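Student: Residue strings, one per chain:
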Amino acid sequence: MYVPNSSRVAPWRQTYWDWRAAGNFIFGGAGSGVLIYAATAPEAMPILGPIGAVLVLCGLLCVWFEIGRPWRALNVLRRPGTSWMSREAWIAPWLLAAAVLEFSPWLAWSRIAAAVLAIAYLYSQARILNAGRAIPAWRHPRTVPLMIESGLAEGAGIGVLVGCLSAPASVAQSWVGWSLAGLLLLRMTAVVWYRAGLRRDGAPQNLLRDLSRCVPRLLTLDACATAAALAHAAWPRSALSIETAAVLAVVAGWWWKHTIVVRLSYNQGFTLPMTPVRGAGVTGPGSRPGW
Amino acid sequence: MTRYVMVVDLRRCTGCQTCTAACKQANGTPPGVQWRRVLDIETGVFPNVRRSFVPVSCMHCGSPPCLEVCPTGATYKHDDGRVGINYDACIGCAYCAIACPYQQRFKVQRAHFAYGSDPTDAEAIKFDPARLGVSTKCTFCSDRIDRARETGQVPGIDPEVTPACVNSCICSALHFGDRDDPESNVSKLLRENRHFRMHEELGTDPGIYYLTATDN
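Chains A and B, in that order, are what the protein sequence lines are.
Start counting the first sequence at 147; every next residue gets the next number (the working numbering).
Start counting the second sequence at 1131; every next residue gets the next number (the working numbering).
What the hints contain is simulated information worked out from the structure, not anything from laboratory work.
Predicted model only: the values in this text are computed from it and were never measured.
Don't be surprised by glycine CBs; every beta carbon is placed ideally from N, CA and C.
Some hints could be false.
Sample of chain A residues with no beta-carbon within 10 Å of chain B, all distances over it, derived [claimed, not checked]: (1) 203; (2) 243; (3) 382.
A partial selection of chain A residues facing chain B, derived with a Cβ cut-off under 8 Å [said to hold, decoys possible]: (4) 232; (5) 239; (6) 276; (7) 413.
Covered stretches of chain B, going by a simulated chain A footprint (3 or more residues, C-beta under 8 Å) [unchecked claim]: (8) 1199-1211; (9) 1339-1345.
The shape of chain B in the complex, shown without the other chains (with noise of 0.2 Å):
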């Protein structure tokens, strides 16, 4: 089997939220949907402050709350563990919304664009009329994780079928794989290093990882 997961190395990102950008031009979402964002996490008190920052996106859970409640059967699965969203089923519920812990679920009910009513010629490129008044989320770059099938490139290692996101950032903080194989990428920076799963309690088994130490 195969399941595609993200790595986040939490010691390398710093916070440039390139990948968000990358995220947003690769799949033209509207003004105030993020995909992808950076959270920026203060802790501690002075002087034993910390800052992180955290990248969130869809989690691609293995057990997704957002499939559970979905009364149309728009949410999906993929036998290789990414969740979809079928347009032309979502009705807008938005109860994938309310069940994601991740909130990683918008909606938008009209078109606008970064400045104003019309959209700017890259804006119009990526315009889709079939997310409006749906669901949408990050879909782990799909068009391109579908197309290695087609050329035997391998996702995560090969920049054409690897994620937007992955293949932006600035300091090698993200990395995708196959989880499933022992000798992927991510196997191996999951068994070099410790890392945790976001709110992994409520039983998600969410599919972004993140590292924070090296294992020794």
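Bound-form chain A, shown alone (with noise of 0.2 Å):
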């Protein structure tokens, strides 16, 4: 069988962005969640301000070990305008800031802007993978509130589970069970929806091919974890069950985001509408290899 040289024509993987920018998505989002969780949760844990602040400042490190001039750093924030990459990289002093202040009992209202910071901040997140024009898994619309789902249901379950640890009281009650739950709900409709759009508006058949396997093992984790948050809304004085069910929903966001930038990332590959006229014959049929 006759292989052409340029075997690079079908949608391969990308390589630029690895681990290490799965890590911003990862640590980002889950930081953002927990500012959302702790300015949404009835019992003030101050704790979860810095906590969001670390994880925010892992995300960002993990990109600063990715980038190839890592001490032109500061040139990020040169383009608001126009890149989602900037927008994230001035909200994120500010996110950061506001955070650390959450654990000072007298600055009660940081905590709401710590929240408000972090929604920009999980929206600009989202959007910049959304910006990835060349992969079709990321530049599909429904990618947005899958990552902003995602990132609220990692950072509740970190909030629970920082809640078992310093304040086992405030976790103790069945809206804690009910919220993870829905959260965790929400995140299984945002994946279904998302596969289904892919599905519908076309993509390459590798990367149909890693979704069918790698969804199912999504819903499963999610599904395992609502289970648990529902056992604990019925019984909330068990803390073995919402401790169960935060933990799966933290690893089931986390693998499910570094399977979304490192593993589903296959890009658009080449697409040829017709073939050329060879002498005297007329075009032929076009060629979109790996569609």
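Join the two chains into one complex using the hints; note that each chain is given alone, in its own frame.
Tutor: Shown next, in the form of structure tokens:
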């Protein structure tokens, strides 16, 4: 069989963004989620502020290790008018400041400020991924709600875990189970909706193949987590079920983000809408290898 | 206005890769980095099989996705449609590489050469440390186009101010010129021939046109 020498015609997996880029979405998303959870939880947990800040900082550190010229990193602030990466960088210092201030009990307003900034940060992250127009798995509009929803679920999971350790009484209430189960159900819905969108709008075959392997795993993890969260909602005195739900919510979210950034990141490939005339012939049908 | 574009006559391209070699020679790109390459695409089912050669490089888009996402301003557009990179501002985040639907952005972190860690004499002349750790791509041989403004020569007509790949093409498959000038070589080719642009549906307004048949 003839094998063309330019093998890279059909979509292939990009290699520019690896686990370090995924780390920014994993830690940044979870950190933002923690700060949003801290603002919405009925009982104040000031420790969540610094935890969220550390997570966001870890994400930024991952990016710093990824970029080719780390000592020029501040140049990232130059294009907030068009680039979501620039916007994320502008939000980050304010978010970190507000999150750290949350630890000071006399600055209650910083909890709200941190949550608002965290929403903006989470949205920026989702849009960063969505602006990668070369990657069909990222550029689909349903990527945005999926990334936001996952960040919220991870943040709630971490918030619940911290609550179990620092203030067990605050977690021993059925609303904790209901809210975590609700967020997990939303994430499952977002994942199924996202997969349906990709199938409907067309995607590279290798992306659809990987998606059909990964999505059931995420749904299984999320279903187990939801069941555990619902069990806690029914019997709020047992900490084990909500701890299990929280751990699964975080692990599944982080695994999914790593998957979407590193594994599902097949590019567009090349398309030939029609083949050219050769000699006195006519044009032939086109080709879209790998789709 | 001027909009420099490239026209590729797919009927003529033989896939010889001379343009690829000329680009590497002119720009001194390291091993594994090809600012220009020729795809070899086989279509159809035996016995109705066709083989097409499709030269690709940076499309110098009218609406470049790489420009929109660049957080540093390193990616910029000339007023004649060329898309450039300021290596001194680029942080090497590779966001542009992720955004380019033509996979025409490259990033090399460490210097490496054809025969190991030491450059050959030719490689040493072209080696530019400013290109390490940052995004690079085809510039439409910008130094030559810029020279045209000083000399009054016409890019696409005068070889001194025409991209190296176009000059080197052995079968006159590659053409370069101003699309907005109705009398230019490329405008005439586009009027007289059926053509398409790659991934046009993504709204990038690419600056490379592919000719497939005479328009009659």
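Student: Now tell me if each hint is right for this structure.
Tutor: Now for the hints, and whether the structure bears them out:
| no. | hint | in the structure |
| --- | --- | --- |
| 1 | 203 | holds, 18 Å |
| 2 | 243 | holds, 21 Å |
| 3 | 382 | holds, 44 Å |
| 4 | 232 | holds, 4 Å |
| 5 | 239 | violated, 15 Å |
| 6 | 276 | violated, 10 Å |
| 7 | 413 | holds, 6 Å |
| 8 | 1199-1211 | holds (count 6) |
| 9 | 1339-1345 | holds (count 5) |
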